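Asker: Chains A and B supply the protein sequences, listed in that same order.
Take the first sequence: its letter number 147 is residue 147 in my numbering, and every next letter is one higher.
Take the second sequence: its letter number 100 is residue 100 in my numbering, and every next letter is one higher.
No lab work stands behind these hints, which were simulated from the structure alone.
Each hint should be verified, as a subset may be incorrect.
Under 7 angstroms between C-beta atoms, here's a sample of chain A residues computed to sit facing chain B [what the hints assert, rightly or not]:
#: 1; residue: Ser64
#: 2; residue: Phe94
#: 3; residue: Ala139
#: 4; residue: His143
Pairs of lysine-lysine, DSS-like flavour, derived with a Cα cap of 30 angstroms [what the hints assert, rightly or not]:
#: 5; chain 1: B; residue 1: Lys144; chain 2: A; residue 2: Lys122
#: 6; chain 1: A; residue 1: Lys122; chain 2: B; residue 2: Lys176
#: 7; chain 1: B; residue 1: Lys19; chain 2: A; residue 2: Lys142
#: 8; chain 1: A; residue 1: Lys147; chain 2: B; residue 2: Lys237
#: 9; chain 1: B; residue 1: Lys176; chain 2: A; residue 2: Lys81
#: 10; chain 1: B; residue 1: Lys240; chain 2: A; residue 2: Lys88
#: 11; chain 1: A; residue 1: Lys81; chain 2: B; residue 2: Lys60
#: 12; chain 1: B; residue 1: Lys235; chain 2: A; residue 2: Lys88
#: 13; chain 1: A; residue 1: Lys147; chain 2: B; residue 2: Lys150
#: 14; chain 1: A; residue 1: Lys37; chain 2: A; residue 2: Lys184
#: 15; chain 1: A; residue 1: Lys147; chain 2: B; residue 2: Lys19
#: 16; chain 1: B; residue 1: Lys176; chain 2: A; residue 2: Lys147
#: 17; chain 1: A; residue 1: Lys57; chain 2: B; residue 2: Lys235
#: 18; chain 1: B; residue 1: Lys150; chain 2: A; residue 2: Lys133
#: 19; chain 1: A; residue 1: Lys122; chain 2: B; residue 2: Lys148
#: 20; chain 1: B; residue 1: Lys243; chain 2: A; residue 2: Lys142
#: 21; chain 1: A; residue 1: Lys142; chain 2: B; residue 2: Lys148
#: 22; chain 1: A; residue 1: Lys122; chain 2: B; residue 2: Lys237
#: 23; chain 1: B; residue 1: Lys240; chain 2: A; residue 2: Lys122
#: 24; chain 1: B; residue 1: Lys176; chain 2: A; residue 2: Lys133
#: 25; chain 1: A; residue 1: Lys142; chain 2: A; residue 2: Lys122
#: 26; chain 1: B; residue 1: Lys237; chain 2: A; residue 2: Lys133
#: 27; chain 1: A; residue 1: Lys243; chain 2: A; residue 2: Lys232
#: 28; chain 1: A; residue 1: Lys167; chain 2: B; residue 2: Lys176
#: 29; chain 1: A; residue 1: Lys88; chain 2: B; residue 2: Lys176
#: 30; chain 1: B; residue 1: Lys176; chain 2: A; residue 2: Lys142
#: 31; chain 1: A; residue 1: Lys142; chain 2: B; residue 2: Lys150
Bear in mind that the values here come from a model prediction, so they are computed numbers and not experimental data.
A virtual CB, placed ideally from N, CA and C, is assigned to each residue, including glycine.
What follows is the residue order along each chain.
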Amino acid sequence: MSMIKTKKLTFEYIHRDEEGNVEGITKAVDGVDLDIKEGDFIAILGHNGSGKSTLAKHMNAILSPSEGTIYVAGMDTREEKNIWDIRKNAGMVFQNPDNQIIGQVVEEDVGFGPENMGVPTKEIWQRVEESLKAVGMYAYRKHSPNKLSGGQKQRVSIAGVLAMHPKCIVLDEPTAMLDPQGRKEVIRAVRALNEVENITAILITHYMEEVVYADKVFVMDKGQIRMEGTPKEIFSQVDELQKLRLTVPQVTLLAEACRKAGMPFSKGILTTKEFMEELQCLLS
Amino acid sequence: MLKDITLGQYYQADSVVHKLDPRVKLVGTIAYIVTLFMFRNLTIYLIALSFLIFTIRLSKVPFSFIVRGLKAIVILLIITALFNLFLTPGEPIVSFWRFSLTYEGIAAAFYLAIRLIFLIIGSSLMTLTTTPNQLTDGLESLMKPLNKIKVPVHEISMMMSIALRFIPILMEETDKIMKAQMARCADFESGNIIKKVKALIPLLVPLFVSSFRRANDLAMAMEARCYQGGEGRTKMKPLKYQKTDYLAYLFLLVYLIVAIVLGKFFPLHILQV
């Protein structure tokens, strides 16, 4: 079943001068056609200003398309009556961990979503416990969010979404403000959710290392989808990626350089492990 | 560090008073304040004093901690006491130039000082034993009847708890901006008052801008998590009265009756006007 489906999705930012006259129109998202299956781990790549965050906000009905349509779990986001059902189905994690935590205690923040949905008290506690355990933050349930590290805060945010029992979770650059350690923690949590709980995960990022494990990768530029395919397919096109102002993982780059120098490396090497295996084959 | 400041100066301890329902504590504080202003004789203050001492002992909050709260109002106390002492019209005892110390003035200053001190101690005992969170919960639940006259009770308490949540974050941000401006030779410390206030402008402007941005982000995050106002919301930690809460209410009632009866019919007068 398809979780998210877009047809010619377009979103325009209208710039106005001080009198309110239209100065110009920027198409942040320009005719995007997507089809995301349930249970997939999708990564959307793109440099700053490529429209990937704008696209993400459509998946949660925060933004409504200027043209075209987007269906989330079969519901059209343009219809007012669907909005809250869509938000229950597609949770969203934002970039800045400080600006999305509402509660003053970790467990209260995780309970915020279920509270809004009118879940009975007893069940809220169950959901909070499950979600915090799923992201490995149960030991911190009584802590103040201010005392946590960035990666921990972001995992609390993920738990907050998880407690709403969504089918799909959209992560809008969740690691952009984190240190390498925090990035690893968050990505590990997202992968676990996708694999164990079978929740559709849509990860928006500009860090290449994070998309290695995705089922499918979309590369965006100027509001359009320029490339799509498995990580292997995408990363084998190093030159195209660099044209779109994206860098590939260092191992891929190294393998590509070796290949160009005449060594028979295969295209699209993603991890150090793969590189080592091929290197050993070559040497022996 | 600025980061470590907490509002409401909650004192962590394991006591009966800490465990009471915040509503009981709020109602109790209000009742206590009312008794302070009901009569002007010594009896009522002796009763209030014994009530205070009893609850402080129950709360296990060290007395020095409570007195610390008084420091903030010492200046206010002295000024109002002086005004009362010298500017209350009446029978002069000593007089010099235009001012005269009157008997009525002494009485007014005395009662005012006692009332203020008791008021501060009583209300700080409440904030010391109640977390800001519980306090907003309690207020929301107590003010719920006001919903009928279109007071946005839930919104007010949501705003309060978000404000509390963001105080440490904004503190940290202030710290950061201050350091950034200092690195560019901003001077926050020297000069007279006007200069100091002017120096704050490059601190306040970015702080305002960033808090608006934060508010915008937060609103979006709340909407993304299905926040639609107070209607249809359930509570993760609903307030529920326990046996001790009913006992506390009973105790409060007894206190009120004793205070009213004794204060009215057995007034102890000193400095009676």
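Asker: Hints first: check each against the structure and report whether it holds.
Answerer: Hints versus structure:
Below 7 angstroms, beta-carbon pairs count as interface contacts, and Ser64/A has none with chain B, the closest being about 13 angstroms; its hint is therefore violated. Against a cut-off of 7 angstroms between C-beta atoms, the interface hint on Phe94/A holds, since the closest Cβ of chain B lies about 6 angstroms away. Look at Ala139/A: its Cβ only gets to about 19 angstroms from chain B, farther than 7 angstroms, so that hint breaks. Using the Cβ-Cβ criterion of 7 angstroms, the hint placing His143/A at the interface with chain B is not satisfied: the shortest such distance is roughly 13 angstroms.
At most 30 angstroms may separate the alpha-carbon atoms for a hinted pair to count; Lys144/B and Lys122/A meet this at roughly 23 angstroms. Distance check on the hinted pair: Lys122/A and Lys176/B sit about 42 angstroms apart at the alpha-carbon level, beyond 30 angstroms; violated. With a C-alpha separation of about 17 angstroms, the suggested pairing of Lys19/B with Lys142/A holds against the 30 angstroms cut-off. In summary, the hint linking Lys147/A to Lys237/B is supported, as the alpha carbons are separated by about 22 angstroms, within the 30 angstroms threshold.
Between the alpha carbons of Lys176/B and Lys81/A the distance comes to roughly 43 angstroms, so the proposed pair goes past 30 angstroms and is violated. Between Lys240/B and Lys88/A the CA atoms are separated by roughly 29 angstroms; this keeps the pair inside 30 angstroms, and the hint holds. With a C-alpha separation of about 53 angstroms, the suggested pair Lys81/A and Lys60/B falls outside the 30 angstroms cut-off, and the hint is violated. Of the pairs offered as hints, the one joining Lys235/B and Lys88/A holds, with about 18 angstroms between alpha carbons and a cut-off of 30 angstroms not exceeded.
Under the criterion of a C-alpha separation no larger than 30 angstroms, the hint pairing Lys147/A with Lys150/B is inconsistent with the structure, at around 38 angstroms. Of the pairs offered as hints, the one joining Lys37/A and Lys184/A holds, with about 25 angstroms between alpha carbons and a cut-off of 30 angstroms not exceeded. Using a Cα cut-off of 30 angstroms, the hinted pair Lys147/A and Lys19/B holds, with the two alpha carbons roughly 25 angstroms apart. Between Lys176/B and Lys147/A the alpha-carbon distance is near 17 angstroms, which keeps this suggested pair within the 30 angstroms criterion.
A hinted pair counts as satisfied when its Cα atoms are at most 30 angstroms apart, and Lys57/A with Lys235/B qualifies at roughly 28 angstroms. Taking the CA atoms of Lys150/B and Lys133/A, the gap is near 41 angstroms; set against the 30 angstroms cutoff, the hint is violated. At roughly 29 angstroms between alpha-carbon atoms, Lys122/A and Lys148/B fall within 30 angstroms of each other, so this suggested pair holds. Using a Cα cut-off of 30 angstroms, the hinted pair Lys243/B and Lys142/A holds, with the two alpha carbons roughly 25 angstroms apart.
Annotation: proposed proximity of Lys142/A to Lys148/B is violated, straight-line Cα distance about 35 angstroms (limit 30 angstroms). For the hint linking Lys122/A to Lys237/B, the alpha-carbon distance of about 10 angstroms falls within 30 angstroms, and the restraint holds. This hinted pair checks out: Lys240/B and Lys122/A have alpha carbons roughly 14 angstroms apart, not beyond 30 angstroms. For the suggested pair Lys176/B and Lys133/A, the alpha carbons sit about 34 angstroms apart, so the restraint of at most 30 angstroms is broken.
Between Lys142/A and Lys122/A the alpha-carbon distance is near 18 angstroms, which keeps this suggested pair within the 30 angstroms criterion. At roughly 20 angstroms between alpha-carbon atoms, Lys237/B and Lys133/A fall within 30 angstroms of each other, so this suggested pair holds. For the hint pairing Lys243/A with Lys232/A, the CA-to-CA distance comes to about 18 angstroms; that is within 30 angstroms, so the pair holds. Between Lys167/A and Lys176/B the alpha-carbon distance is near 39 angstroms, which puts this suggested pair outside the 30 angstroms criterion.
This hinted pair does not check out: Lys88/A and Lys176/B have alpha carbons roughly 37 angstroms apart, beyond 30 angstroms. This hinted pair checks out: Lys176/B and Lys142/A have alpha carbons roughly 27 angstroms apart, not beyond 30 angstroms. A C-alpha spacing of about 35 angstroms is found between Lys142/A and Lys150/B, which places the hinted pair above 30 angstroms, so the restraint is violated.
The structure fails to meet hints 1, 3, 4, 6, 9, 11, 13, 18, 21, 24, 28, 29 and 31 from the earlier list, while all remaining hints are met.
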